[in-house]
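**Q** Heads up: the sequence lines are chains A and B, in that order. Going left to right, the first sequence walks through residues 65 to 122 as our numbering numbers them. Going left to right, the second sequence walks through residues 17 to 266 as our numbering numbers them.
It should be emphasised that the hints constitute simulated quantities derived from the structure, not laboratory data. None of these values were measured; they are calculated from a predicted model.
Covered by chain A, according to a simulated footprint, are these stretches of chain B (three or more residues, beta-carbon under 8 Å):
hint: 1; stretch: 228-234
hint: 2; stretch: 241-251
hint: 3; stretch: 257-263
Note that the Cβ used here is the ideal one computed from N, Cα and C, for glycine as well.
Here's the letter readout for the chains.
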Amino acid sequence: MVHLQKIHESLAARGVLVFVIAMHPDAGEARKLTRELGVTFPVFQGHGSTLGDLYAYG
Amino acid sequence: MQPVSGLRPRTAGLPGLCVTAAAFVLIASSAAAQGVGDRIPPIRLKTTAGENGRLAAEGGALTLDVAGKQTNPKVLLVHFLQPDCLQCEAEARALDAMTAECGGTGAVILGLAHRGNAASVAAFRDRLKLAYPVLLLEADEASTKLAAGDATRIVDRTGVIRFAQAGFGDGDQRTWREAISALLDGREVKATAPARAVLKAGDRMPVIELPALIGDGKLALRGTEGGLAFEDTQDRVTRPSAAVGFFSRY
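So here's chain B without its partners, still in its complex pose:
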């Protein structure tokens, strides 16, 4: 669950809805952007059965070693996931739908869980009936940074990251396909990660006006020069001194 905004009014009259915790979003997107052009660091892996594995770029070639079986993908799409994340689940379904078209091309799709244990990752994979391998990441500083934001990274045959994005939105598959095709054809990757809105500390929070989960009617939270205003489903307005919000996938 990621925070949306954190608060305390910094000066009188300013809405308290500043976005310190939405810095999480900023961290996620900058981590993704930093990867492009970098060589993937060596990553230690484990299968859900406890077998060791490794992903590394060595001697000019990308090598994926899982339980002693070594392959050299021409293109590797890695999805860093969390097994209890609904967005990760949506992305996994989208990736699974691409698995068949990658077969025989040298393009490989790989899920790497950077949270969870063998049981939860196996349950995730089995529940979704994923046709591509899903392994566990043995986290260290470099791989944790790579995984930030449940990132998706597309790596070329030499181990260089050519595409990176944080999060998932329906339709992202198109950009992934473009990037994979370009790399398989030996072309430059022109596809860029889908634009995601990034809030940073000091930004004005967008108006939040959405249906209430419980009860009928809408809830609204607005920040104006006069301060915050929260309107409940009965149209009653209160003026919080500050607000803390989170997106929750339960």
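Here chain A stands alone, though its shape is the one from the complex:
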């Protein structure tokens, strides 16, 4: 996530959107980690979603 944040900071001015779909089963814990890591790009809550079930594997 730290590396993604750096990518976000370097590409945002060029109009590139960096985003994460969070699959952590504990949204509270994921929120805490996201804040601690200083993430400023959009993070979606993906755990339990159909999208996550279909694509978030491997």
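Keeping the supplied structure of chain A fixed, place chain B upon it in accordance with the hints.
**A** For chain B alone, coordinates are given in the frame of chain A:
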């Protein structure tokens, strides 16, 4: 953490949300599919205590040798895992629940960590209190390919892979049980891996509309013929030139 999509608009007017990095998903699923019908390659193993082991199909029999103790499973379900992967953890719990019913049948469940070290794998096993063995894979090209996508493979007594899937979803246990029962009964495995959606380069990314992790409200990312549109929790819309996204299990 696997990428969802990579981008740069290829032509004007096309949404930049193409799915080059979702090729990861394609690689995972095709690696799983390629295994069925193949004989499992010799795989070198290590226990978390550092003892050597080996899994191989030799002389028409599947042999599992761990620290000098040799067994010949009638059916072997191997879960290739990563000790810091939450999905692997969910699958391990599901497999652990099946361990008791496999006892005495000749069906064996085995976890093989293709990432991590002895300490992290032992911690994974102990934290989940897994009743089945979890070893470390000594990776080479063949075993790395076999493990791709945190694959699950069910192998018959001669060492031939009869079932393969990438990833895990709740309910997969049913297909595993069907495959294991069929092999124990000497029947053909008709169970097939659960359908997983596969995106490939050039596909249109599905609309992503989900709650925001931080703050109230929803976030949405859509690709249309007019380009990408990102809507934040305040309903403000921006139009990225490109987007890069990842599924993260932290």
